[in-house]
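Enquirer: Next come the chains, spelled out residue by residue.
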Amino acid sequence: MALLEVENLQTHFRTPDGVNRAVDGVSFEVAAGETLAIVGESGCGKSVTAMSILRLIPEPPGKIAGAIRFQGKDLLTLSEPEMRDIRGNEISMIFQEPMTSLNPVLNVGRQIGETLRLHQGLSAKDAEAKAVEMLTLVGIPEPGRRVREYPHQLSGGMRQRVMIAIALACNPKLLIADEPTTALDVTIQAQILELMRDLKHRVGAAIVLITHDLGVVAEVAERVVVMYAGKKVEEAPVGQLFRTPRHPYTQGLLGSMPKLGSSLTGTETRLAEIPGLVPSLKQKIPGCVFASRCSHATDLCVKVAPALELKAPGHIAACHYATKEGAIAA
Amino acid sequence: MFAYIVRRVLATIPVMAIVALFVFSLLYIAPGDPAAVIAGDQATPADVERIRASLGLDRPFLIRFGEWVWNILNGDMGVSIFTNLPVTTMIKQRIEPTLSLMILTLCLAITIAVPMGVIAAWKQGTWIDRAVMGFAVLGFSVPVFVVGYVLAYIFALELDWLPVQGYTAFSQGFFPWLENLILPSIALGGVYIALIARITRATMLEVLQQDYIRTARAKGAGQTNILFLHALKNAAVPIVTVIGIGIALLIGGAVVTESVFAIPGLGRLTVDAILRRDYPVIQGVVLLFSFIYVLVNLLIDLLYTLFDPRIRY
Chain L
1 MALLEVENLQ THFRTPDGVN RAVDGVSFEV AAGETLAIVG ESGCGKSVTA MSILRLIPEP
61 PGKIAGAIRF QGKDLLTLSE PEMRDIRGNE ISMIFQEPMT SLNPVLNVGR QIGETLRLHQ
121 GLSAKDAEAK AVEMLTLVGI PEPGRRVREY PHQLSGGMRQ RVMIAIALAC NPKLLIADEP
181 TTALDVTIQA QILELMRDLK HRVGAAIVLI THDLGVVAEV AERVVVMYAG KKVEEAPVGQ
241 LFRTPRHPYT QGLLGSMPKL GSSLTGTETR LAEIPGLVPS LKQKIPGCVF ASRCSHATDL
301 CVKVAPALEL KAPGHIAACH YATKEGAIAA
Chain V
1 MFAYIVRRVL ATIPVMAIVA LFVFSLLYIA PGDPAAVIAG DQATPADVER IRASLGLDRP
61 FLIRFGEWVW NILNGDMGVS IFTNLPVTTM IKQRIEPTLS LMILTLCLAI TIAVPMGVIA
121 AWKQGTWIDR AVMGFAVLGF SVPVFVVGYV LAYIFALELD WLPVQGYTAF SQGFFPWLEN
181 LILPSIALGG VYIALIARIT RATMLEVLQQ DYIRTARAKG AGQTNILFLH ALKNAAVPIV
241 TVIGIGIALL IGGAVVTESV FAIPGLGRLT VDAILRRDYP VIQGVVLLFS FIYVLVNLLI
301 DLLYTLFDPR IRY
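Chains as they are written, first to last, in the UniProt record's numbering: chain L, 1 to 330; chain V, 1 to 313.
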């Protein structure tokens, strides 16, 4: 049994001009200790997927349907207090914006300690001692002094380290990281990724990494889910996805990545872009969601939605024309 | 921090000096001649002149101002033209009921208004929110004396739960004191509660949108914890500011409330002094109220650092 099984997840938002199907029938699994990346461009539903797992979507206007089984029990059937016991304890989350994700008026020790006090019933004093320990673990110098400091006294990278300390304080089984490095400098990004990888081995947590940065994916993920317009379009082990992407959208994403050294080898070309825009999530699309932007699209694509099919061992894609060798004409 | 407190306390001196100058000038700005009032209808111009001289009203403005300030610093606010009692004595006799009324109203308003605003923000758009906002509009628009009379009619005359009017000193016991002050405090607090509840709701709505609230939820924090610790502490600065500014409402309202409920406080004293053109008393009371206002707002400035560590001086 996988640690987390998301089955046919549908997160819809009621808006004044129709229902926004932010996530529309997404399924995936995460095994214990595994790192799964969910990639896609802005607005494809990847963050909403992450928030849905912890049920952090305000309902209404949101509505989460499907099943999210964590260690076999469906999180969608739990009461709010039962859900609170899981949040920050068994499943925790890191957010994109370290600058605004920490409470500006509570000191760092208090914010790390809060999780421990909530879930492990530690006293204020023990919680602070453990907070110092956590700060040491995430590599913050002078943790004894920093623990009494406030977020505005820390740099962006340090704040993200604090967020990681909060997330890992209770030794969660699953860590959801929503664009954890996007707001950081490149050098700090590398440090944070290194830290996450290191801690993952130490704590043994599975990670769901939400990102649009394929570089990050290549570096830390074991398996990748590609999302487009609220749907999963492809899933594969990371190496396989980069070598032989089956879905034209994934090919487009990879093609839009600059390749280091291409100017030296003489293979320098203009970066490919995917023409067109993500379709509105407010109307149901009968065919393939990517058809309007796909250069290979045919009548079949516009009329019939392709099913997710196994194209190679462990590799599934939703494209009528993807073959075992790769996608058409690729 | 200590240096900041000293600086802030020193900064209130020029403020108080300007207030004092303004209060003193009232005598010159206000219409009517106090000497003529004291002399009465039958007096000759010579009588009026004699009284004027005896009060020192004929000497130059700045000299009299200097003297007046010097005397006040020495604890002498002059003598009432009407009762011939020292103004400080009159104020001492009247200050307890007014301070009691204001402090009770303040406590009542904060304990009612802040949770009201928080809950309205949490339940934004629901009937609870609308009820709170409706109450706030009512609180703003119905004058203190109307609320006062209605409350007195219902709870004192009809139900006979509480006394209609009057004041019992705190030294006579807490409950008799409280009994007499409940209705006046509610009447006086209406506008204040409305003001604080509205600002609390507005600030909380903004704070609840912030990323760190989502973080708190993701940690497994409960709703009460999120509202009253994570959010309210962030919303505290504007709320506390309005509480401080609102003290002015309480001072103004106390004058009316004391009249309605026949409380022998500074408000009544002020009204009586104004009607009698008893300038030393008017000056003393206005100066005292201004001093309280400046003091409260000084305290609030210092409180900011408690709520928001980003504020450093």
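Think of the hints as simulated: they come from the structure by calculation, not from any bench.
Any given hint could turn out to be false.
Stated by the list, open to error - Pairwise CB distance ranges, derived in the manner of DEER restraints:
id : chain 1 : residue 1 : chain 2 : residue 2 : range
1  : L       : Thr15     : V       : Phe175    : 47 to 57 Å
2  : L       : Ser155    : V       : Val142    : 50 to 60 Å
3  : V       : Pro14     : L       : Pro61     : 45 to 55 Å
4  : L       : Ser155    : V       : Thr305    : 19 to 29 Å
5  : L       : Glu41     : V       : Val142    : 32 to 42 Å
6  : V       : Cys107    : L       : Arg197    : 52 to 62 Å
All residues carry an ideal CB built from backbone N, CA and C; glycine is no exception.
Enquirer: For every hint, state whether the structure bears it out.
Expert: Hint check:
1. Distance hint check for threonine 15 of chain L and phenylalanine 175 of chain V: the Cβ-Cβ separation is about 56 Å, which falls inside the suggested range of 47 to 57 Å.
2. At about 53 Å, the beta-carbon gap between serine 155 of chain L and valine 142 of chain V stays in the expected band of 50 to 60 Å.
3. For the hinted restraint 45 to 55 Å between proline 14 of chain V and proline 61 of chain L, the CB-CB distance of approximately 54 Å keeps it satisfied.
4. Remark: the range hint 19 to 29 Å for serine 155 of chain L to threonine 305 of chain V is upheld by a beta-carbon distance near 23 Å.
5. A hinted range of 32 to 42 Å for the beta carbons of glutamate 41 of chain L and valine 142 of chain V is inconsistent with their spacing of about 56 Å.
6. In this structure the hint that cysteine 107 of chain V and arginine 197 of chain L lie 52 to 62 Å apart at CB holds, the actual value being about 55 Å.
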